[in-house]
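A.B. asks: Working from the sequences, and respecting the hints, build out all of it.
Chains G and W, in that order, are what the protein sequence lines are. The C-terminal residue of the first sequence carries number 403 in full-length UniProt numbering, and the numbering is unbroken. The C-terminal residue of the second sequence carries number 403 in full-length UniProt numbering, and the numbering is unbroken.
In case anyone wonders, no lab produced these hints; they're calculated from the structure. What you are looking at is a predicted structure, and each value in this text was computed from that prediction instead of being measured. C-beta: ideal position from N, C-alpha, C; glycine also. Any given hint might turn out to be false.
Heads up, incomplete: computed chain G residues facing chain W, CB under 10 Å, no partners named [unchecked claim]:
1) D157
2) V257
3) A379
Protein chains: 2
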Amino acid sequence: MKATGLIVEYNPFHNGHVYHIEESKTATNADCTIAVMSGNFLQRGEPAIIDKYHRTKAALQSGIDIVLELPYAFAVQNSDIFAHGAVHTLNEIGVSSICFGSESGSISPFLNSYTTMKNNEDIYNTTLKHALAEGKSFPEASRDAYQEINLASSDIDLAKPNNILGFSYVKSILNNELPIEPITIKRTNNNFHDELITSDIASATSIRKQLIEQNELSIAIQQAIPKATAIQLQSYKNIASFWHTWELYFPLLHYRVMTMPLEELGMIHGVDEGLEHRIKKTAKQATSFEQWVTLIKTKRYTWTRIQRLFVHLLTNTKRSEITSIINLPTVPYVRVLGLTKTGQHYLNKRKKEIQVPIVSNIKRDAPTLMKLEERASYAYYSILPPEARIQAIKQEYKGPVVY
Amino acid sequence: MKATGLIVEYNPFHNGHVYHIEESKTATNADCTIAVMSGNFLQRGEPAIIDKYHRTKAALQSGIDIVLELPYAFAVQNSDIFAHGAVHTLNEIGVSSICFGSESGSISPFLNSYTTMKNNEDIYNTTLKHALAEGKSFPEASRDAYQEINLASSDIDLAKPNNILGFSYVKSILNNELPIEPITIKRTNNNFHDELITSDIASATSIRKQLIEQNELSIAIQQAIPKATAIQLQSYKNIASFWHTWELYFPLLHYRVMTMPLEELGMIHGVDEGLEHRIKKTAKQATSFEQWVTLIKTKRYTWTRIQRLFVHLLTNTKRSEITSIINLPTVPYVRVLGLTKTGQHYLNKRKKEIQVPIVSNIKRDAPTLMKLEERASYAYYSILPPEARIQAIKQEYKGPVVY
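C.D. replies: The structure is reproduced here in C-alpha cells:
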C-alpha cells in the first residue's frame with residue numbers, strides 16, 4: 001500500500017481541505033492518506049476552536065484515513081521545529097510523499113531555494129544571527145537572511161506564511177535525507193489571512209472569525225465546510241457550550257502570572273531574554289487577552305511568539321521539557337488519534353516496520369513522554385464546566401476514533 | 001500610652017467582637033487597642049468573605065485603633081505557628097497585654113496547663129510523635145498527648161477551638177518570655193461552630209452561612225453586626241459582585257493541579273507525605289471544591305489541613321518559602337493595614353522603639369518578604385472581574401486606611 005502524508009491543523013476542516021486531499025490523491029496515486037495534525041493547541045499559539053477528537057472525526061469523514069497527533073513539543077513552535085516533528089512523524093509511519101499547499105503549486109522553486117540556501121549556509125546563518133542581535137523578530141531576521149543570499153526569482157516568495165511552512169518541510173526532508181518525495185499542490189484563491197467568507201472555498205481564519213462572532217453555524221459557514229465539520233462543530237459546542245478562543249483563558253493565564261515568582265516564569269518555554277519582567281508588568285493593567293498581548297508586543301516579540309509562550313504558560317511547560325524532546329533525532333512515538341478501515345489495514349500491514357512506539361491513548365501510568373500531552377489536554381479543557389470536562393478528557397484514555 | 005493587643009480574623013466583624021473590644025479596654029485600661037488580623041486568607045484555610053481592607057475599615061469604625069496584618073506565612077497555619085506570628089507582631093508594636101476570648105474567662109487554667117505541659121514536655125512530645133506516626137491527625141494526636149500528661153480539671157478544656165488558640169498565645173508569650181500579660185475574656189454564649197443566628201451575638205460562622213445562602217444582608221444578619229460591617233460588606237460586594245467562598249476558586253485550583261507535575265505539587269507547603277498523588281487522583285473526579293476535599297479527606301488529613309494546603313496551592317507557596325519566615329526569632333516586619341487618630345498618635349510616640357520595619361504598603365519593588373503577601377492578594381482577587389480586580393489591588397500599593 002502506498003501512503004501520502006499531509007501536515008494539517010484543520011481548525012476547522014473546510015472545503016479547501018477536501019480539495020487538498022483530492023489533489024494529493026490524484027498527484028500521488030496513494031491508497032492511504034495520512035494527516036499529522038496539531039492537537040488542542042496550534043502552531044501559531046492558539047487553542048483550537050474545537051478539540052482534536054472532533055477535528056479528527058471531521059477529517060476521517062472527509063477523506064483522511066489516519067490522523068496522527070503532532071506531539072505538543074513540536075506543535076506550538078516556529079515553522080522549522082513544527083516541520084521537524086511533522087515530517088519525522090510521517091516518515092516513521094512510512095509515507096512515500098508529503099503533499100503541501102503553496103502559492104505556485106510547483107515544487108522546483110522550493111528545491112532551488114534549498115540549494116541556494118545550502119550553498120550559502122554560512123552567510124545565511126551570519127545574517128540571521130546579526131539581525132536577531134539587532135532586535136529584529138525571527139520572521140524579519142530570516143527575511144533579511146534570505147535576501148542576503150539572493151533567493152532568486154526562480155525561488156519561492158517567503159513572505160507567504162504557507163510558503164515558509166512548505167519550505168520548512170522541504171528543508172527537513174532534504175536535510176535528513178528521508179525517503180519522502182515533497183509534492184506541492186497549488187492553493188485555491190483564498191488567502192490564509194482572509195477575514196471574509198467569499199466563496200465555498202474560504203480560509204480557516206474567516207470561518208473561525210464568523211463562528212466566534214455569530215456564535216452559530218451561519219449559512220455562509222455551512223457552505224464553506226463539509227457536513228461532517230458542521231456536525232462536529234455543533235457536537236463539541238453541545239458539550240463545552242462554546243467554541244474555544246484565547247479570551248476564555250485570560251483569567252487562568254492572568255492568575256498564573258500573578259502567582260508566579262519571576263524566576264519560575266522565566267523557566268517557561270518561550271519566556272526568553274528577561275521577557276518575564278515585561279509579562280508581569282503589563283499583567284497589572286491587562287483586562288483582556290488581546291489587550292495584554294498588545295501591551296507586551298514589540299518589534300522583536302511578534303504576536304505569534306507571545307501567543308506561543310502563553311500556550312506554554314497555560315500548560316506549565318518548561319524550556320527544559322521541550323528541548324529534551326525536540327533535540328531527539330526523530331519523534332519519540334507516533335500517536336494515532338483516529339483511523340478508517342483503510343487506515344487500519346495500512347497500519348496492520350506496516351506495523352512491524354515502524355521503529356518508534358505506536359500509541360493510541362494516554363495510559364494512566366503515562367510515560368514521561370506523554371505527560372506534556374496530558375497537561376496540554378487538561379489545560380485546554382480546564383475552561384469547560386466540570387461535568388463536561390470529565391466527559392471530554394475521557395477520550396484521552398481510550399483508544400483512537402475509528403470510522 | 002498603654003496598648004492592648006487582640007488577635008483576630010473579623011470574618012466578618014460582628015457584635016461579639018464589639019463586646020470583646022469593650023471588655024478588653026475595661027480589663028486593661030488601655031488607651032489604644034491594636035488588632036493583628038489575618039489578611040485575605042484565614043487560619044482555617046479559607047478565603048475571607050470580604051477583603052482585608054474592608055474588614056479593616058469595619059474594625060476601625062467599631063473600636064480598634066490600629067489594624068496590623070498577620071503575615072501570610074503565619075496566618076494560614078496551625079494554632080502554634082499562627083500564635084507565634086500574632087504574638088510577636090503585637091510584641092514588636094509594644095502592647096503590654098493580649099486579650100483573647102475563652103470559654104471560662106479565667107487565665108489561671110491556661111497558666112496551670114502551661115506549667116503541667118512544661119513539667120512533662122518529654123512525655124508530651126513522645127506521645128504526640130507516636131500518635132502522629134500511628135496515622136492520627138494533629139488535633140487528635142495533641143489531644144492524646146495532653147491526656148497522657150494528665151491535664152487536670154483545673155486546666156483548660158482543649159476540645160474547644162478557642163481554648164486551643166488561647167493556649168497557643170499563652171505558650172508563645174511564656175516560651176519567649178515576652179513582657180506581655182495574657183488576659184482572657186469570657187466568651188458570650190454563642191458557640192464558634194453555631195450555624196444559626198439566634199441572638200444579636202452570633203458566631204461569625206452563622207453570619208457567613210446566612211450571607212452566602214441568602215446572598216444579601218438579611219434583617220437577622222444586620223442585627224448581629226455593627227452598621228459599619230453592613231456598609232463594608234455591601235461596599236465590597238458592589239466591587240466584586242459576590243462574597244468570597246472556596247467554590248469560586250475551584251476552577252483555578254483544579255486547573256493548577258492538573259497542569260502541575262507531581263514533583264512540583266509536592267513542593268507546595270502542606271502537601272506532605274506523598275499527598276500529591278491523592279490530590280491528583282481525586283482531581284480527576286472532582287466537580288466541586290467540597291466534593292474534592294471530601295474525596296481527599298482521611299483520618300489523618302483533616303478538612304482544615306486540606307483547606308490550608310489548597311490556600312498554599314492557590315497562592316503557589318512553596319514549603320521552603322514558608323519555613324524561611326516562620327523559623328525566624330520574630331516577625332520580619334509589622335504591616336499597618338489601617339489606623340485611627342489615636343492609632344497614629346500611638347505609632348508616632350512609639351516609632352523609635354520598634355525594632356522591625358513598619359510597612360504600610362507593598363512597594364512595587366517589594367522586598368522578598370512581601371512577595372508572599374503580593375501573591376496572596378493577587379490570588380485572592382483573581383476571581384474578580386478584570387476592572388474590579390485592578391481597582392481592588394490598588395490599595396496594596398497605597399498607604400494604610402486612615403479613619
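A.B. asks: Any hints this thing doesn't respect? Which numbers, in order?
C.D. replies: 1
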